[in-house]
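From just these sequences and the hints, can you work out the full model?
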Amino acid sequence: MPSRSSPFNPESLLPLPSAAFHILIALADGDRHGYAIMRDVAAGTGGRLKLNPGTLYTTIRRLLEQGLVVELDERPDPEEDDERRRYYRLTEMGRQVARAEAVRLQHALAFARQAGLAPKRT
Amino acid sequence: MRSDQLYALLLRIYPASFREEYEREMRADFRRRCREEKGTAGYAFLWLSILADTLLTAGREHLDMLIHDIRYSLRNLRQTPTFTAAVLITVALGIGATTAIYSLVYTVLIRPLPFTDTDRLVRVTETNLGRNIPAFAASVLNFLSWQERSQSFEAVAAIRSGSANLTGDGDPQRALTTAVSGQFWALTGLRPVMGRTFTPEEDKPGNDGVAMLSEGLWQERYGADPAILGRTILLNSQPRVVVGIAPKDVGYTSAVDVWIPLAPILKEESRANHVINVIGKLKPGVTVAAADAELNLVAERLEQEYPQTNAGWRVRLTPVGEWIVDHDSRLSLYVLLGSAGMLLIAACANIAGLLVTRATARAHEFGIRLALGAGSRRLIRQLMTESVLLAVIGGMFGVLIAVQAVAWLGGSVTSQLPRTTNLSVDWPVFAFAFGLTVVVGLLFGIAPAWSARRADVMTTLRSAGRGTTGGSGTLLRLGLIGGQVAVAAILVSGALLLIQSLSRLQKVDLGFGPDHVLTAGIVLPSTKYPTHEKAAAFFDALLAEVGALPGVVSAGLTSGVPMGGNNTSMSVVPIEKSAFGDGDGIKAAFETGAAIQAFWRMATSEYFRTMQVPLRAGRLFDPLDSRLQIVLSEQLARRLWPDGTDPLEREVKLGNGEVLTVVGIVGDVRLHDLRTEPMPTMYFPPFYLSALTLTVRTSGNPQDLAGPLREAVKRADPAQPLFNIRTMDHIVEANAERSRLQTTLLTAFACLALTLGAVGIAGVVAYTVERRALDLAVRLALGATPAQAMRNAASGALKASFMGLVVGLVAALALGQYFSNLLFNVRASDPATLALVALTLGLIALLASWLPARRASRIDPAVTMRQ
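Those protein sequences? They're chains B and F, same order as listed. The working numbering numbers the first residue of the first sequence as 145 and each following residue consecutively. The working numbering numbers the first residue of the second sequence as 5 and each following residue consecutively.
Computed cross-link-like contacts, SDA-like style, restricted to lysine to any residue with a CA-CA straight-line distance of at most 20 angstroms:
1. LYS194(B) to ILE54(F)
2. LYS194(B) to GLU29(F)
3. LYS194(B) to THR44(F)
4. LYS194(B) to ALA45(F)
5. LYS194(B) to ARG37(F)
6. LYS42(F) to ARG183(B)
7. LYS194(B) to ARG39(F)
8. LYS581(F) to GLY648(F)
9. LYS194(B) to GLY43(F)
10. LYS581(F) to ARG135(F)
11. LYS194(B) to LEU59(F)
12. LYS42(F) to GLY191(B)
13. LYS252(F) to PRO116(F)
14. LYS287(F) to GLU152(F)
Derived coverage of chain B by chain F (criterion: at least 3 residues anywhere in the stretch with Cβ under 8 angstroms from a Cβ of chain F; other residues may be distant):
15. 172-185
16. 197-203
Residues of chain F clear of chain B, computed beta-carbon distances all greater than 10 angstroms:
17. LEU238
18. GLN242
19. GLU774
In case anyone wonders, no lab produced these hints; they're calculated from the structure. Owing to the predicted nature of the structure, the values given are computational and were not obtained by experimental measurement. In this text, a Cβ means the ideal position worked out from N, Cα and C, and glycines have one as well.
Laid out in structure tokens, this is it:
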């Protein structure tokens with residue numbers, strides 16, 4: 145957990161577990177409840193990553209603890225709601241960490257390209 | 005919906021706090037996923053992936069929580085180093101003591117015997133209740149008859165222990181030998197470490213020129229050289245070929261150097277010559293009782309056929325386990341284990357008390373955590389983690405203590421308890437220590453968790469602010485104090501009883517003077533000293549050499565010193581009351597009480613002077629007197645002639661038919677051990693001169709004479725080894741060794757329990773003073789005297805101690821009857837001891853509460869009330 149006294153360094157939380165990274169991405173363009181995150185991640189990865197409830201909520205618990213997401217008190221989308229749901233929002237800290245993770249992956253990809261392990265950018 | 009319920013059930017493996025937070029969401033998501041899946045295959049795949057995901061993430065969640073709790077606990081414990089150290093030391097001592105004693109129990113009682121089908125192995129002893137002989141060695145001829153006639157056994161084997169001079173390679177050495185009959189190895193299932201065991205052919209006289217070395221002798225004398233197989237060794241000058249190496253652990257003894265075939269020479273054996281141990285292997289399905297009954301029928305027939313030798317002799321079967329570890333050893337181990345267990349319970353109670361205090365002191369912290377949303381179950385889990393953590397760290401130190409203690413025990417216990425030659429802390433003992441540690445952690449964690457169970461934000465924060473809490477913590481602590489005092493009372497009474505037993509044991513009248521006496525064994529090989537004259541010439545020369553040594557007061561010979569083992573007995577009857585040459589006559593003499601089964605020793609006249617056994621009447625042996633002379637102990641004389649007839653110059657007849665003249669009466673001697681009263685004893689001159697013990701009284705330290713004594717023997721015969729050189733003091737001391745060890749351990753446990761109890765009492769009083777400072781201040785302000793304030797502060801702890809003391813004393817009384825066998829000349833219900841325990845514990849309780857209670861009298865009402 146980042147301490148309050150020293151300035152926050154997003155790099156300190158890297159590398160992010162894959163599930164955590166995808167959840168942060170799903171929350172990047174708006175607040176979501178758990179099931180919506182699951183659905184978005186599946187859609188965004190072409191069905192390759194399907195988060196099960198266990199992984200989803202234990203990861204969310206950890207992200208909450210780390211301060212990367214927060215739980216919302218109000219429900220932004222009442223008409224879509226079939227049950228009383230909990231909504232999560234990306235924090236500024238979460239955004240920084242997700243960005244840092246993306247940069248990290250970018251560097252890794254570039255390195256892989258140099259080695260001929262990944263297709264050249266077209 | 006059934007699958008939803010199933011999923012809800014599955015979710016229960018998550019930590020409660022996680023479930024409280026997310027269960028509703030997860031179940032909703034699960035229902036949606038189920039609705040989306042189509043077809044049985046997809047449904048099955050969903051379940052499979054959810055199952056795997058749940059197990060994995062729940063495990064991680066628990067682990068995370070554990071790591072978090074451990075970190076949190078460590079941080080807390082570091083902040084209170086005195087508390088942490090006190091707990092760790094207490095746990096370490098409790099676990100250490102219990103583990104060390106358990107490793108003894110494991111080695112002696114639980115570790116399997118090295119035999120196959122142990123449950124079918126029995127020891128067969130001869131018994132003659134008419135002569136008051138409950139269990140005795142068997143005769144070779146009876147053994148052979150049993151083997152021939154009994155139907156209950158798959159096999160029977162005979163064991164005869166002895167000793168022999170091992171010569172030919174290196175220094176002459178006295179070797180402990182065990183002669184076994186042909187079936188011994190197959191019957192026990194013992195396998196040689198190397199080479200082979202004896203063949204049936206080798207169990208016949210003339211063919212028995214073979215030997216097996218024990219692993220121990222093989223390593224010590226021959227450097228574990230495998231080429232020893234096929235080599236010839238000289239045993240009592242007789243050549244024997246080494247055919248195998250026998251294992252170290254043969255279950256019933258560790259005192260064997262060389263194994264040889266029994267190969268009995270039948271014409272030299274007599275049915276009256278009880279010299280062998282017999283073990284039998286029951287046929288499958290035959291019970292010990294059935295075999296016992298059947299073999300007794302055989303014994304009855306033998307009695308009819310050989311009335312002269314077998315009158316009154318029957319047999320008794322004992323499972324080998326009970327033979328190897330006798331009742332007193334078992335009892336002694338159970339008492340020690342029970343005491344260590346009680347110490348551990350006292351330690352747990354003590355720590356629980358400390359933890360409750362700590363939990364009370366931390367009420368504010370808990371209140372804040374509750375306010376921040378932690379459930380009370382989460383708090384309890386945190387507290388339990390903390391206590392198990394303390395237990396595990398303390399337990400690790402405890403195991404270190406146990407390893408040290410076992411090393412120490414190994415040095416002193418081997419001669420006192422069977423099966424302890426290779427005492428070590430084995431993995432089953434480690435497993436025990438680990439299990440114990442966890443149980444202990446949970447046990448003393450329950451108390452603070454119990455006081456935290458009803459924690460709710462409002463009351464906790466409110467009361468914490470005022471520095472006081474409800475009474476439940478105090479009541480719990482008082483209960484724990486009572487328990488500790490009760491345990492201390494039990495252990496202290498046990499220790500005091502054992503201390504008295506030991507001191508009475510050491511003050512017992514031996515009937516001889518063990519100080520300034522050195523003893524040493526000599527066995528002359530019959531090949532070199534075939535006649536009585538040759539042996540007598542050697543011993544005469546030796547006694548002359550020894551007598552001339554500076555510092556020697558007197559020197560004598562005996563067939564066995566008191567408390568040195570080797571106790572054999574024979575029947576004896578005044579000649580006027582015996583019918584000549586008739587077995588029925590002897591039997592009748594026993595039935596009327598005229599004949600006595602008496603222990604016998606051979607001894608020279610100088611032996612009595614050396615051992616300071618007083619001559620009460622008549623004289624000692626006179627070499628010029630050609631009659632067969634005998635000297636009786638006072639008790640034997642009294643029992644042979646109860647009417648007070650003067651026994652001197654009267655004749656007695658022995659069980660072997662010899663008739664001897666009583667020439668003297670000597671004082672009674674404790675022959676067996678310190679506990680056993682002197683038995684009727686008779687002494688013959690050493691007419692049978694092969695194995696004798698030399699006893700020498702010295703003016704200075706007897707130990708200094710060991711070297712000169714060896715030299716003297718060398719001058720008489722350079723090839724003759726002198727063995728078992730011990731002072732008589734040492735032999736007597738060794739006899740009290742088990743009692744001493746038991747007393748030392750129990751006293752240590754009792755002292756620890758007392759210390760823990762005192763610390764517990766002081767702790768609870770100090771805590772009461774602190775918690776009730778305001779109340780006490782008000783009382784003082786209203787005119788209470790400081791003494792009244794002190795009484796007020798200490799009364800709870802004192803009442804609890806008093807109740808604990810009463811419970812402990814009652815328990816000590818109730819337990820006492822079970823271990824009266826371990827006591828000597830003191831009853832378990834000895835009122836003086838119980839009074840002393842009550843007094844000691846009462847004083848300690850008063851002192852332990854007075855010291856912290858003084859603070860109550862020093863409270864300044866003005867200052868306290870302003871605060």
